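Number of protein chains: 2
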Amino acid sequence: MREAYQSDLRHLVDDLVDMASMVGSALEDATAALLEGDLGLAERVIAADPHIDERQIDLDSKTVELLARQSPVATDLRLLVASLRMSSSLERMGDLCAHVALVARRSHPELAVPEQHRAQIQKMSDLAAAALRDAAVVITDRDLALAAQVEKNDDELDDLQQQIAREIGKGQDYTNTQIVDLTLLIRFYERLGDHAVSLVRRVGFLVTGDAVDTLHQSTDVPEF
Amino acid sequence: MREAYQSDLRHLVDDLVDMASMVGSALEDATAALLEGDLGLAERVIAADPHIDERQIDLDSKTVELLARQSPVATDLRLLVASLRMSSSLERMGDLCAHVALVARRSHPELAVPEQHRAQIQKMSDLAAAALRDAAVVITDRDLALAAQVEKNDDELDDLQQQIAREIGKGQDYTNTQIVDLTLLIRFYERLGDHAVSLVRRVGFLVTGDAVDTLHQSTDVPEF
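As given, the protein sequences belong to chains X and S, one line each in that order. Following full-length UniProt numbering, the numbering of the first sequence begins with 1 at its first residue and continues without gaps. Following full-length UniProt numbering, the numbering of the second sequence begins with 1 at its first residue and continues without gaps.
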């Protein structure tokens with residue numbers, strides 16, 4: 001019984017890592033669809049998002065069932081609470097990838113991202129994807145040093161968002177629609193990074209028991 | 001003992017409603033600061049956001065403590081799980097209000113919102129504020145008919161966002177910065193509405209036990 005319970009807890013972690021992997025694929029595909037104007041790929045990312053949502057519902061049901069059946073305390077309880085929150089962040093990250101794909105679809109056959117910002121957008125996507133991969137490692141290994149690195153790396157994503165926003169503000173050669181799309185896109189990638197930071201902070205909560213829900217306050221509000 | 005526990009559960013609901021009221025004030029103030037170019041008011045909204053964050057941390061600590069101490073099942077367990085999620089939505093709504101105030105601050109002494117969009121932005125803010133007030137009633141009274149109304153009303157907020165976005169796309173008289181700011185602002189208000197919908201769906205989960213985490217899938221992704 002106890003053994004089955006421990007195995008259930010391990011499966012939760014596996015499920016979270018699986019969800020992270022699904023989101024990682026969605027992110028890479030969404031950015032490829034965006035930058036290459038690949039409508040079919042954009043459609044596939046949009047169509048796949050409900051599968052990520054289903055994984056969250058499934059994972060959360062298991063978590064609530066474990067809460068009900070096992071009356072966990074201490075670290076096990078924290079794992080279950082953290083799991084509810086991490087699944088929610090991952091689901092939201094999936095939405096953000098679908099949002100990127102929707103921009104790609106809406107712009108088609110035009111490319112939403114003007115030539116001079118392509119490399120920057122690819123970089124933002126790469127940074128967000130790396131943060132997500134690192135977060136999955138942090139979830140599996142509870143590696144708080146790597147968690148700190150994920151937080152630190154997020155600054156680069158924020159800086160890039162700011163830089164692009166400044167360039168848009170000063171630029172001459174944009175259509176209104178390009179400005180709208182770029183503004184949304186850089187916000188989506190920045191939010192993806194924020195959620196990766198949120199994921200690693202949940203692991204911090206899990207390991208140390210410290211409340212860590214101040215993410216938005218410290219890294220989000222001051223600098224959008 | 002049992003009585004104290006029931007009282008603790010009622011206090012959680014009161015705390016959620018208090019948080020909703022704090023967010024409601026932040027929303028009204030942020031919009032007033034934005035539309036009137038009131039820098040002092042914008043600063044106060046930004047400075048107040050950490051208090052909302054603290055309320056969440058406090059509320060979540062109580063929730064986790066109740067999970068640990070009382071080993072709740074059935075409805076009580078669902079209330080605690082829903083509470084964790086609702087506090088997270090409310091905290092995020094507070095962030096979004098602070099974001100609106102940040103746009104007001106950044107634009108000062110200019111007004112971020114061009115004259116022709118002022119009434120629309122005020123309307124978006126009013127709709128989001130009404131949704132939040134209704135959500136607080138739903139949380140207190142578990143009124144699922146009102147919950148359904150909140151979901152329905154959210155369409156109006158989405159429509160307004162789409163309408164403004166279309167007008168921006170076609171318009172001639174915008175600076176790039178105005179387009180960036182308006183794009184962000186209408187997204188912030190739309191997200192505030194989404195979170196209000198999320199709140200009432202949590203109450204639905206509480207009452208019926210149905211998983212309702214498909215918010216983003218059904219109302220958010222298709223129409224950003």
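Rather than coming from a laboratory, the hints here were simulated on the basis of the structure. Be a bit skeptical, because a hint or two may be false.
Identical chains blur together in the list; that is why a pair holds if it fits in one copy or across any two.
In silico SDA-like links for lysine to any residue, alpha-carbon gap of 20 Å or less [stated by the list, open to error]:
id, residue 1, residue 2
1, Lys-170, Val-207
2, Lys-170, Pro-109
3, Lys-123, Ala-32
4, Lys-123, Glu-3
5, Lys-170, Glu-54
6, Lys-170, Asp-29
7, Lys-170, Asp-154
8, Lys-62, Gly-204
9, Lys-62, Asp-210
10, Lys-170, Arg-10
11, Lys-123, Gly-40
12, Lys-123, Leu-144
Please read all numbers here as calculations on a predicted model, not as lab measurements.
Status of the hints after comparison with the structure:
no.	hint	verdict
1	Lys-170 / Val-207	neither (46 Å within a copy, 52 Å between copies)
2	Lys-170 / Pro-109	between (27 Å within a copy, 19 Å between copies)
3	Lys-123 / Ala-32	within (12 Å within a copy, 37 Å between copies)
4	Lys-123 / Glu-3	neither (44 Å within a copy, 56 Å between copies)
5	Lys-170 / Glu-54	neither (43 Å within a copy, 38 Å between copies)
6	Lys-170 / Asp-29	neither (30 Å within a copy, 30 Å between copies)
7	Lys-170 / Asp-154	neither (25 Å within a copy, 35 Å between copies)
8	Lys-62 / Gly-204	between (22 Å within a copy, 19 Å between copies)
9	Lys-62 / Asp-210	between (24 Å within a copy, 13 Å between copies)
10	Lys-170 / Arg-10	neither (51 Å within a copy, 53 Å between copies)
11	Lys-123 / Gly-40	neither (23 Å within a copy, 37 Å between copies)
12	Lys-123 / Leu-144	neither (25 Å within a copy, 45 Å between copies)
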